[in-house]
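There are 6 protein chains.
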Amino acid sequence: MRQIQKREMLSQNTLLLLLAIFPLSFSITLASDPDPVQDFCIPNPKFGSIRTIHGMHTILPCKNSSETNTEDFVFSGAKAAGNFSNTGLAVISASPNNFPGLNTLGMSFARADIKVGGINPPHFHPRATELVHVVKGKVYSGFVDSNNKVFSTILEEGEVMVFPRGLVHFLMNIGDKPATLFGSFNSQNPGLQKIPSTLFGSGIDEELLEKAFGLSSKQIGALRKKFDPKKTS
Amino acid sequence: MRQIQKREMLSQNTLLLLLAIFPLSFSITLASDPDPVQDFCIPNPKFGSIRTIHGMHTILPCKNSSETNTEDFVFSGAKAAGNFSNTGLAVISASPNNFPGLNTLGMSFARADIKVGGINPPHFHPRATELVHVVKGKVYSGFVDSNNKVFSTILEEGEVMVFPRGLVHFLMNIGDKPATLFGSFNSQNPGLQKIPSTLFGSGIDEELLEKAFGLSSKQIGALRKKFDPKKTS
Amino acid sequence: MRQIQKREMLSQNTLLLLLAIFPLSFSITLASDPDPVQDFCIPNPKFGSIRTIHGMHTILPCKNSSETNTEDFVFSGAKAAGNFSNTGLAVISASPNNFPGLNTLGMSFARADIKVGGINPPHFHPRATELVHVVKGKVYSGFVDSNNKVFSTILEEGEVMVFPRGLVHFLMNIGDKPATLFGSFNSQNPGLQKIPSTLFGSGIDEELLEKAFGLSSKQIGALRKKFDPKKTS
Amino acid sequence: MRQIQKREMLSQNTLLLLLAIFPLSFSITLASDPDPVQDFCIPNPKFGSIRTIHGMHTILPCKNSSETNTEDFVFSGAKAAGNFSNTGLAVISASPNNFPGLNTLGMSFARADIKVGGINPPHFHPRATELVHVVKGKVYSGFVDSNNKVFSTILEEGEVMVFPRGLVHFLMNIGDKPATLFGSFNSQNPGLQKIPSTLFGSGIDEELLEKAFGLSSKQIGALRKKFDPKKTS
Amino acid sequence: MRQIQKREMLSQNTLLLLLAIFPLSFSITLASDPDPVQDFCIPNPKFGSIRTIHGMHTILPCKNSSETNTEDFVFSGAKAAGNFSNTGLAVISASPNNFPGLNTLGMSFARADIKVGGINPPHFHPRATELVHVVKGKVYSGFVDSNNKVFSTILEEGEVMVFPRGLVHFLMNIGDKPATLFGSFNSQNPGLQKIPSTLFGSGIDEELLEKAFGLSSKQIGALRKKFDPKKTS
Amino acid sequence: MRQIQKREMLSQNTLLLLLAIFPLSFSITLASDPDPVQDFCIPNPKFGSIRTIHGMHTILPCKNSSETNTEDFVFSGAKAAGNFSNTGLAVISASPNNFPGLNTLGMSFARADIKVGGINPPHFHPRATELVHVVKGKVYSGFVDSNNKVFSTILEEGEVMVFPRGLVHFLMNIGDKPATLFGSFNSQNPGLQKIPSTLFGSGIDEELLEKAFGLSSKQIGALRKKFDPKKTS
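Line order of the protein sequences matches chains Y, D, W, Z, X and H.
Numbering (the numbering used here) for the first sequence: 37 to 269.
Numbering (the numbering used here) for the second sequence: 37 to 269.
Numbering (the numbering used here) for the third sequence: 37 to 269.
Numbering (the numbering used here) for the fourth sequence: 37 to 269.
Numbering (the numbering used here) for the fifth sequence: 37 to 269.
Numbering (the numbering used here) for the sixth sequence: 37 to 269.
In case anyone wonders, no lab produced these hints; they're calculated from the structure.
No false leads were slipped in.
Note that the list lumps identical chains together, so a pair holds whenever it fits in one copy or between two copies.
Pairs of lysine-lysine, DSS-like flavour, derived with a Cα cap of 30 Å:
| no. | residue 1 | residue 2 |
| --- | --- | --- |
| 1 | 247 | 151 |
| 2 | 213 | 262 |
| 3 | 185 | 172 |
| 4 | 174 | 185 |
| 5 | 247 | 172 |
Bound conformation, chain Y alone (with noise of 0.2 Å):
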């Protein structure tokens, strides 16, 4: 222990040089949303750079308290809405790797801008429960729970709903404005499956969609190649 924090002194330096000549590029991915063992953590690019791996959240070596700013614990991204999909939804999402502030303080946040008739589809985050308030507009918005039962209604300006950890859930736009919603997340990664595109835009195997649809071979065939980026000439 003692010989640890000599071995210290020089080694900072060390470390220094070596990443002036060397700038060292790792990630660790961290395992769990559970308590901090730290006020905070703010990852230290000094050691790194953070990757944005396909959704994937990655973390670093923590920068000293005196290194972090106020900056890394404010987000100023959401102020208007994004870019819109073809289904009418502008999705803007807050995790560590755009606010380093939230690494592993276990939450995570969306601005979600639907325009009028447009929808969220049918998805579920593995690892989060959201909770979803409605800044402006008037959204049909529901869930289906494991009996199949689902819980939907109309929320309008100022309303908040709970879709419970890893449930399916989804949102149209029903007013006549656009709808712009904010929801939060207690997982720095909650994860996504849109159900069309996990079932149609992956590549499972077309006779086990057959025979769990009771569709067609032809009928699998045109929703794969409205989903299957692959299948989109």
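With the hints as your guide, set chains D, W, Z, X and H onto chain Y.
What follows is chains D, W, Z, X and H alone, placed relative to chain Y:
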């Protein structure tokens, strides 16, 4: 604290008396799969009864160690296949409801038998990772991750596959004899959402489904007829 | 196990009878914010009532899925500001007591409105990280870490700040119109200690407070007069 | 939700009435040592009594903050040594049963006194790490890891040793005066398996024990006579 | 945050270069079996190598989803029995070391084969509950609880028994053919302490063992000769 | 998987070589106090050094069992009192930084000595419950709950008090000799916020503090002078 222990002497008998007159039935739904704080907890029928509420697991005050029997810790109901569904699947699930020893210990399991050509349709368990062990047969097996990448393969007798928590997975018997599999879960109540009936058998708004899958009202109607129990005549 | 299920048939009705005669009221305080072991758990009023005990959240046996309604998962009480305190702050808190769907799902939230020049005094939540979203207005906002470093900034409409679990934080409306904020928490009961009243309104020994702050008996007496409800005449 | 709160008004008194007539005694065994969701939870004797069931800790609905006293959070029973066993060991354990304030807070402790030459035989706690602090005396102390490596040393007054969760550990007073130790645990119910009596005092099949230790039937019989209470005459 | 992402562009290649020159080998030991924060985490050999350190499981930065293969999620090494010990036991353990897909998902498993009359001696897993499924044969099986009560029975083909976390358990093949069992665990590294070698093969002080078991120095010496590898000549 | 193990053979030496040239110093901040997944984890100085970053605990890859020594699990630094502050308090804290064996095991402790009339000012630990054991002396001790109710009492030698996680607590030596206390925590890094310096020594906006306490600018200025290190001349 001291008076608590005195009071107990008399209330023990009074309770039995009370229960003889008014067989109290209540159920507490345990809120988590966390670390146990006792060796085990066999629900005590003296204090009420376990109810099977649409797949929800409920717990009760525990039996004393001296009232607990070895049979509480043994499950004999999975020696043979269960009843087959119309997709050629038979599942026997062991949970604290029918295997009391599992209560509070954070595990459960299921036996699945699949007929030749039969499937276990795309589904997921919101609260558990699954380890599936092929005891007999040959199955196409896979899951989809958050990047819509499918990880699928053919499993043979004696092989084991892991389905990460909350991700959509599926099985199809592609061998020439019935297949038998044992799945174990790291939750006493993994939960289950079968995609086809979650989407089309729950009553989600038709317009939203049309937009989500790009299908016509007639096509969605046909799917709902297949999976919605209320639409089945 | 088998006899448990038989017993249930009759005890269900007997219980209703019993409850008709002796409306049993008890409350179980849930011990944690861990992973849920069921889809959700709406407290069942048939088995007693939820009591608001000085901010403590209590749970009850859950309703069946079939007895649960969509409105259990929706909160409409935060459409407008609550009642303002003398520091110009109005808070509406949503917890399982008034938003049953939150129960066991590990989240809660609050709406805070702050008058021009008003403050939310230094306080902390012992059991949750907070994500605060500025829906309207301009606020000075910050927290202090374990090294006594303050992280403070001015938040504008649409910005989001994170207050790490258990750290002292504070807000002041420095704009020229009322501010509206939504805070979400990763606990169904975050807890709250407002520093001024925790120290001076609780009855901590005066000598200890004098020594802790280096203030005179008279100065401490004045502070206690402000915050101790028993000293208020 | 609203009707729940109305109902409460009357049921509060009715409950007290009911309990006056039928002092209800039930006990809920808490399932975990997770994060608390309230400040604390002092079991409420109004709703029944705590039963000491062979070392199992049971909880009850909590008292209100206003009904809770400081003495619930203080333990005075460890000022002097307990009763000594025939191995020269005296243990006083503090758990929620005799120190209600510990309930739901994830900690407990024990005072151990060991006579000169006395031992605390090899044992382990299935659910907790232990920090042992030598208040008085000199002890041989150690534990064994999963590689069958022993970590043992001589501890003197004022020293502290950690026994990792679930690993076999042991103590022997090798000084010339009685030793006093305080062990704290990170579980409200760490559990205990004393190896000699677990193996030879529980009734494990004799043939299996012979094979496991390579001992004769006569030797195993002698060990069982020492540790099996039923074999003791 | 922004500069982090810029820096990444160049460091990615530099890292590969660096690793080509200095194949960095380090290993991070994961600290828990908590909820995953990503779909899965296949250790990335580019960033070092997994070392099998006396049964300790180590993790590494994860592979990208696109670099991950189905075979990472399948284990084929348990199709046949392993090598038998002198007690007639053959165990094949699957952990993240040889089944990378298990990493961070909170589960592992083992295949055990027991010869006629063979045993799995009393042992326990400090960090997991075990579900044991008898695929073939007939075994005496049991565990001991904290009250020294043994729960033992004869398991037949197709039966399943649960051994609660951290409690001593054991098996003996009492049938007339070899037995095959599959045990699954709710930890990626359950740990293992085999009582005979933990006590007599680790080097615990002889005097303490004599006092603990009431055996003579000669008897303890004989036991140590059997189990202590250093005493074996 | 197989190639991973081959690669290791060579990289082990290369790493040592690399480290001889470039003593790599990095530190990973552990994200939680969850269940360990190995017996223990002694940080390995070969892979870098532990840095004490403003009270933040950092971990490193673990040593092999064979490289680990008993002394890693023993702390001898709390035999005598530490250095006294101007409030008459001396604290020695044991954490993974100076007591490596604690790493990943979810516990830590501190020795506090208080002079006659000295105090431990109101403070709280964001991440742990504390059990305080009075080894010597007589202290006024208490905590405040979320309802601003103070639970305070006089503790004598041998008594133990529990301070629930995250709640403000305090101590004052009211006896006629120095007091010695041992506090144990159920986190390896409980964190600490001392109220006086958190509020007045961190740089919170003066206007906000005036409004929060109802004090004049001059009064707040005087308090800041006492606690703000930057204002101290």
